[in-house]
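Letter by letter, the chains look like this.
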Amino acid sequence: DQQVKQNSPSLRVQEGRISILNCDYTNSMFDYFLWYKKYPAEGPTFLISISSIKDKNEDGRFTVFLNKSAKHLSLHIVPSQPGDSAVYFCAASARNFGNEKLTFGTGTRLTIIP
Amino acid sequence: NAGVTQTPKFQVLKTGQSMTLQCAQDMNHNSMYWYRQDPGMGLRLIYYSASEGTTDKGEVPNGYNVSRLNKREFSLRLESAAPSQTSVYFCASSTGAGQPQHFGDGTRLSIL
Chain A
24 DQQVKQNSPS LRVQEGRISI LNCDYTNSMF DYFLWYKKYP AEGPTFLISI SSIKDKNEDG
84 RFTVFLNKSA KHLSLHIVPS QPGDSAVYFC AASARNFGNE KLTFGTGTRL TIIP
Chain B
1058 NAGVTQTPKF QVLKTGQSMT LQCAQDMNHN SMYWYRQDPG MGLRLIYYSA SEGTTDKGEV
1118 PNGYNVSRLN KREFSLRLES AAPSQTSVYF CASSTGAGQP QHFGDGTRLS IL
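First to last, the sequence lines map onto chains A and B. Okay, so the first sequence: first residue is 24 according to our numbering, each after it adds one. Okay, so the second sequence: first residue is 1058 according to our numbering, each after it adds one.
Since the hints were made in silico from the structure, they are not lab data. Be a bit skeptical, because a hint or two may be false.
[As the list claims (entries may be wrong)] Chain A residues, not near chain B, derived (Cβ > 12 Å throughout):
| no. | residue |
| --- | --- |
| 1 | 34 |
| 2 | 35 |
| 3 | 41 |
| 4 | 89 |
| 5 | 90 |
| 6 | 99 |
| 7 | 134 |
[As the list claims (entries may be wrong)] Stretches of chain B that chain A covers, calculated by requiring three or more beta carbons in the stretch to come under 8 Å of a beta carbon on chain A:
| no. | stretch |
| --- | --- |
| 8 | 1070-1081 |
| 9 | 1120-1130 |
Beta carbons are placed, not taken as given, at the ideal position from N, Cα and C, and that holds for glycine.
Generate the whole structure from the sequences, applying the supplied hints.
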């Protein structure tokens, strides 16, 4: 049972435009969400997070939006740059329940076209 | 500024051989984790350790054992390797429950 789903395996976006990566979850106990970026032959790198008490968190070019009623979150990258080409994973945890575990989605490969 | 260091980076084993993957972090983190990443599957938690001296099973623990040797080190052991354990293994650490995890660069393990 995939509790965190990234339904788009890949996404191609022109340099300078907005990239929107989507993630859906099914577990109502999830209260903390994170996005990771992964380059080939490297480990995932933490990008941005959001708590369930918020609906938006922004850090430079990266903004994460959370829609709790729809159990949906999205990562916006504006403007997209060639260095953003990577695999992006969303992850979720039930932090307020003391749960150590992060549940990851299957990833979306973002390619920025020059 | 090493962060999380995994050794080895690559390994090829024969079915039935044993192997220990090593992980060390220098960030004074309490929690450490082992994941495997397979194509189309994302990262799946094998075992984790919330603090020195404690370990707990994750989503896919069968065929693995772990040891939290001290606060810095968390090792993963395959006692009798199987081809289904061919994967990329990542170690991670964090300050605690649900906090952002910092990952090593992975160990690519092939079992023939």
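Going through the hints against the structure:
1. Annotated as non-interface, residue 34 (chain A) keeps its C-beta farther than 12 Å from every C-beta of chain B; the closest such distance is 16 Å.
2. With a cut of 12 Å on Cβ distances, residue 35 (chain A) stays outside the contact zone with chain B, its closest approach being about 19 Å.
3. Every CB of chain B lies more than 12 Å from the CB of residue 41 (chain A), the least distance being 24 Å, so the non-interface label holds.
4. A cut-off of 12 Å between C-beta atoms confirms that residue 89 (chain A) is not in contact with chain B; the least separation is 15 Å.
5. For residue 90 (chain A), the requirement that its beta carbon stay farther than 12 Å from each beta carbon of chain B is met, with the minimum near 20 Å.
6. Remark: the non-interface label on residue 99 (chain A) is consistent with the geometry, its nearest Cβ contact in chain B lying 19 Å away (cut-off 12 Å).
7. Residue placement check: residue 134 (chain A) keeps its beta carbon more than 12 Å from all beta carbons of chain B (closest about 18 Å).
8. For the stretch 1070-1081 of chain B, the proposed coverage by chain A is not satisfied: 0 residues have a C-beta within less than 8 Å of a C-beta in that chain, short of the threshold of three.
9. Closer than 8 Å: that is the beta-carbon criterion, and the stretch 1120-1130 of chain B has 0 residues meeting it against chain A, so the requirement of 3 is violated.
In this structure, the hints that do not hold are numbers 8 and 9, in rising order.
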